[in-house]
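*Asks:* Chains as they are written, first to last, in numbering that gives the first Met the number 0: chain A, 0 to 393; chain B, 0 to 368.
Simulated from the structure, these hints should not be mistaken for laboratory data. The beta-carbon is built from N, C-alpha and C at its ideal position, and this holds for glycine as well. Keep in mind that the hints are not guaranteed to be accurate.
Which stretches of chain B does chain A cover? Using the computed rule of at least three CB atoms under 8 Å from a CB of chain A, they are [said to hold, decoys possible]:
1. 201-210
2. 331-340
Pair by pair, the computed Cβ-Cβ distance ranges are [claimed, not checked]:
3. E81/A / E222/B: 52 to 62 Å
4. M130/A / W136/B: 23 to 33 Å
5. M130/A / E222/B: 35 to 45 Å
6. S212/A / K258/B: 36 to 46 Å
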Amino acid sequence: MTSVCFYFEVHQPMRLNRFSVFNIGNNNNSISSYFDHELNKNIFEKVAKKCYIPMTQLLLDLIRKYDAKFKVSFSLTGTFVEYCERYMPSILDIFRDLLKTGAVDLIEETYFHSLSGLYDTLDEFEEQVHMHSQMIKRIFGYKPRVFRNTEAIYDNRIAKKIEELGYRGIITEGTEKILGWRSPNFIYKPVNANIKVLLRHYKLSDDVGFRFSAHGWPGFPLTADKYARWLSSCEGHLINLFMDYETFGEHQWTETGIFDFVKHLPGEVLNHENLDFVTVSEAVERYDPVGEIDVPWAISWADEDRDVSTWLGNDMQITCFNELKDIGQRIKDTGDKDLLYIWRLLSTSDHFYYFSTKGFEDGNVHAYFSPYDVPYEGFINYMNILQDLKQKVL
Amino acid sequence: MRVAMIGWEYPPFKVGGLGTHCYGLTRSLADKNLKIDFYMPKTKHKLSSGNKNLKIIEVGETEIFPYDRPEDKELAGRFFESVYRYNDLLVQRIKGNYDLIHCHDWLTMKAGIALKEKMGIPLVLTVHSTEYDRSGWIYPNEWFISIEREGMEKADRIIAVSYFTKRVIVEQYGINPDKIFVVHNAVYPIGESEKKKIVLFLGRLTIQKGPEFFLKAAKKVLEHEDTRFVVAGMGDMLPNLITQAIHMGIANKVIFTGKLTEDEVKHIYKISSVYVMPSVSEPFGITALEAISAGTPTIVSKTAGVSEVFKNCLKVDFWDTDEMANKIIALLRYDALRTTMNKQSKNEIELFTWDRVADKTIDVYRGIA
């Protein structure tokens, strides 16, 4: 039997307002002027209509139709849940209904979908994981057992910390960089910790996430029965299909047939006798590690490089990252909860992604997701805001 | 293939992009074994190409620059007359076995048309700027426009230096878009040296180039950041700009250089920390590529042709001097912005070669000859 493990990342960042150098130190009104509430609301409502509402409702229908034999897992970021609470609380109700089916698992991550896992020490990271855990408890009365860091950023240090925090498993990218010849379709364990590592099958995941509507791709058009056949012919214990939730209806529009694909997939998969579905918690309970992975330098699931160069690849990104990280203690010393919250919102990985200058191919993907015309605009804006924040704690 | 190319200026005798373009294009075409006879007005300099495939042929005499406006007092009487005389001389002088005629901008169009008809060979026209650009879209002169329109209509192929310019040719002159091909300009890299805290404007001081917006931004920058501003170039706006700087109280921070030699131009590009090109209407803007090739991060007008193709620069609306000042200050303050832009633009600028311009121009030639 090979288990199919679907997991969706659900995230919306708090995008920044236009903030010029002339605003630095001149910003008497509240620090919430750092964020473009209008833009954020519009984007959230657009994505909710195209993806969050229809897709979540569809998954609920499918789980009911297949008597909870179809299973999925989610990770909801703190900022996403804040958007829901502020603008569309009904979305959280559908997620609550999903959770009640017993076929759905929730995954832990940092509340702010942040780069805090890359700071010099992991105290702030730990606090943000704790915040996420508190939020999931408050909204869903649930305790996740598996952790996934922002964009699957992973190294030995993070794995060790997650073990210490009591989680049973951790998710990252099934890249050859750490696997060599080995298959991602098994559970592994970190070389330095006693937890289970789930590895994303990037080819099969990206077939849906990136290539679903690509006419030049040999797999086009991708139908549910074809995809189920591919899954059925895979060797190994488990196939981890991890993707952005916004794939469904937002990156891949309704017109591409993505919802029809999802609708037919559970039935097609369950038609194969060698396949079933598991949640991430079930996966770590059911299967044992077949080997160790050693990851001294951070990997991730982003871009072709599968490392952290997407967020820390150029001088602009490194400068902002260092400046942000270095004012952390001073922010905490003020005891000002609002300042701390803002500082943490600025640690969301998306801000750094917007001023990545990586190559043409990846750069196109970046441009699609960015509110800025060029990375330099993103940097100037972020840096101006950071200077303003710094002045408040001097 | 033998080409009779008609220009107006050629380095070191040049004032604008037309001359730079003709220099790069003719040398690269000659390197690719096309035979080019380049016709231009007689100059005080001795011009020779150093390439057996390229002959520089000086015709008659003139004192007109392609960007001069007929309103100029000194020229008023002689302006039209000398343009006609140059064109007449060209028609008498150009003979022989050419496969096509290639001319540049309005000053050479009359000759181009006459030669096409006389010799029965195709005409290619490169548009570096139109009357709309040169006037900054304020009271464009009908006399120029009618010459330009006639040349565009009679040309078998038109090369525009940007999509922006192609659009102007289609929309303002009513020309069939199918015969217009866009070939973006290129640059011979200048090379870097140590930077000083200088923000540079370099170009003709005319309404088209937007120098007054540069001064307005300078005023705003100086309220927050100490730096020097250099305004390099000549033009009819110079006296007004000096007065403007004095009235703004920033005259001690703004240096007007007047006309610079080619070496001085290179030097000022190299030592500047920021280059700003706030043009009101800019078909391409080779100076932006020159500055970038000297390691100087550059802010350009959003509508400039170079904006269409060059990614690693900052873009502003020419009238938005708040945003222009914001970006100038960011470039002066944030080292990481300069180093990243510099690093990224190095890879990109390598794509902008005259060799590529020549290849694309040859593609256009092949379509008709």
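*Asks:* State for each hint whether it applies.
*Replies:* Comparing the hints with the structure gives:
Under a criterion of three residues with beta carbons nearer than 8 Å to beta carbons of chain A, the stated coverage of the stretch 201-210 of chain B fails, only 0 such residues being counted. Closer than 8 Å: that is the beta-carbon criterion, and the stretch 331-340 of chain B has 8 residues meeting it against chain A, so the requirement of 3 holds. Taking 52 to 62 Å as the suggested C-beta distance range, the pair E81/A and E222/B does not conform, at roughly 38 Å. For the pair M130/A and W136/B, the supplied restraint of 23 to 33 Å is violated, since their beta-carbon distance comes to about 55 Å.
Hint check: M130/A to E222/B, Cβ distance near 41 Å, so the stated range 35 to 45 Å holds. Taken as a hint, the range 36 to 46 Å is violated for the pair S212/A and K258/B, whose Cβ atoms sit roughly 57 Å apart.
Violated hints, listed in ascending order, are 1, 3, 4, 6; each of the other numbered hints is respected by the structure.
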